[in-house]
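Protein chains in written order, with the working numbering: chain A, 1 to 214; chain B, 215 to 454.
Bear in mind the hints are in silico, worked out from the structure with no lab data behind them.
Any given hint could turn out to be false.
Said to hold, decoys possible - Selected chain A positions facing chain B (Cβ under 7 Å, derived; list incomplete):
id	residue
1	Thr22
2	Trp90
3	Tyr104
4	Gly105
5	Lys109
6	Leu137
7	Gly139
8	Val140
9	Met197
All values derive from a computational prediction rather than experimental measurement.
Ideal Cβ placement from N, Cα and C applies to all residues, glycine included.
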Amino acid sequence: MAKKSLQRYLAKIGKEFDVVLTEENYKEVILEEVESPPALLDYLRDYMEKNEPTLEWGCLMFLFIKADEEKYVPDIEMYYKLLARYPPNWFTEVGMAELQLRYYGNIFKARDGFFKGLELRPDNAHCHYNLGYIYHLLGVFNKSFEHYEKAVINHQTANKPKELKARSLYNLAVIKISVERDYEEVERHLKEALAAMPRYPEAKRALKQLRRWK
Amino acid sequence: MRRGIASGDGESGTLQHFNFSFPTKESAEKVGLIQIECYLNIPATELNNRTPYEDVVLNKSATNFFNTFPVIKEAPLFEYYQQILSLSEKEFAYKSVYSKTGGVLNIFNPQIRESMDSELKTLFSRCEEEKEAIRLWKDRPSELWSNLPPKLVWAGGGKIERELILDFSQYLTRMVRRKEFDTRGDALITAIQHLRVWQFQPNEICSGMAPINAIIKEREEIYERKSAFFKENHIECDFV
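From just these sequences and the hints, can you work out the full model?
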C-alpha cells in the first residue's frame, strides 16, 4: 500500500515538475527547493539527520513546498496532513500557520502554529514577527511589542533579514504612537527602520508626519 | 464583505436601521448581539431605574421586561433578546463568560470556548482550590478578549459602547467601500486592522476619549454596579 502511494508521488513529481527523486538525492533536492537563508537550511539538514526520514517523506515534503509556492490551499492542507505521520518540522508548521492567518483568518489557530514554530526553532525571527502581528490583531499590544522586539534582535535568522528588521521596527513605532504616544521612541524606531531599509516609503512618510506634529 | 442590517432600540423606543459592511456573517450578527448586551445594562425609568438585566435577575424571568417594552417583541432581534435573557444559574458561574460577545473590541473574534483558555487551565493546575483559580483569573487581562479581563467581558458594555458599535460599523463601512477581498482571511484581517486603528482615535461619542479607554471605563462601572447588586441581593456569583 505504502509502496503504491510512493510510486504515485514519484510519478506525479516526475510528470508535473520534471524531477526524479531517489533515495540518494531527495535530501539535496529538498534543500535546493527551500532556497532559504542558511539558518533554515541548517535546520532542515539537522532535521533530516536526526529523524532519518524516508523517500516518501521526501516526496511529500517536495509536493508541500510546491503547493506552498503556488498557494494552492487544498494541496497544502492535504500534504500537511500526510506529513503528520512524521515528526513535525518548522517549514510545514509555519506554512500552515500562515494559511490559517491569511486564508482563513483563524487568528488563534495561526497563533498556536507560530508558537509551534518557535518550539521547533527557538528565537526564529519570522515566527516572532508573525506573533507580533497576530497580537496586534488580537489587541494585546504588550505581547505584540515583545515579539516585534525579539524579531529585531533575531532578524538574521529571517529570509530577508533587513526587511524583516525594518518592518518590525516600523510596527514597534506604530504601537508606540497608538498606545503610548511616545514620540521620541517613535522617531528612534522609524530612523532605525530606515537605516535597515532605506527604501521604505511608509516609514519615510511616518517620520515626515511625526516631525510636523512635534 | 457582507452587507447586513442591524437594528437597535433608540432612545424613543423606535427602531433604527442602518446598512453596513462586515467581513463575515458571524461578525454582522454580532453587532445586534452587542447592542442588546449593552442595552440590558442601561437603567430604565420604566423599571424603577433598574437595568433590564437586574430586572430579569430579580424576577427570575424576562416576562416583566418584555411586558414593559412590548415593542421589543416586534423587533427583528427579538429572538436574540430571548436568547440572551434566558438567564439561569449558569449566568453566575465563571463559564458564562464564554457566552458573552466581548463587545466591539472583540467583534471579529470567533466563539471563545473554555478549551481555548490556557490562562484558566494553568491556574486550575496551580491552585489547590478552584475558587482561588477563578478569583485570580477573572481579574487578569486575557488575550482571548483583546486584553479585557474576564470580569469585564462578563459585565458587558453600556450606553457608550452601544453608540460606539454603530460608530465603528459606519467607520468600517466607509473604509472598505468598494474594496474586494480574495479570501475570508484577507477581509477579516483588514477589518481588524481598521478596528485597532479606530479604537485609539479620539471620539466625540466618548467626549474625546479613545474608544478603548471609554469602553474599559464604562465596563468597570457596570461591573461595580453588578457587584453591588449581587451583594445586595445575596446572589452568589463567581465574578463578584
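How the hints compare with the structure:
Taking 7 Å as the C-beta contact cut-off toward chain B, the hint placing threonine 22/A at the interface is violated, the least distance being around 37 Å. Of the supplied interface hints, the one on tryptophan 90/A is violated, with its beta-carbon coming no nearer than about 21 Å to a beta-carbon of chain B, more than 7 Å. Checking tyrosine 104/A against chain B by beta carbon gives a least distance of about 5 Å; that is within 7 Å, so the hint holds. This hint holds: glycine 105/A has a C-beta 3 Å from the nearest C-beta of chain B, less than the 7 Å allowed.
Violation of the interface hint for lysine 109/A is found here, the shortest Cβ-Cβ separation to chain B being roughly 9 Å, above the 7 Å cut-off. At its closest, the beta carbon of leucine 137/A sits 5 Å from a beta carbon of chain B; the interface hint therefore holds under the 7 Å criterion. The beta carbon of glycine 139/A comes within 3 Å of a beta carbon in chain B, closer than 7 Å, and the hint placing it at the interface holds. At about 5 Å, the closest approach between the beta carbon of valine 140/A and any beta carbon in chain B falls short of 7 Å, and the interface hint on this residue holds.
For methionine 197/A, the interface hint is violated, the least distance from its beta-carbon to any beta-carbon of chain B being 21 Å, above 7 Å.
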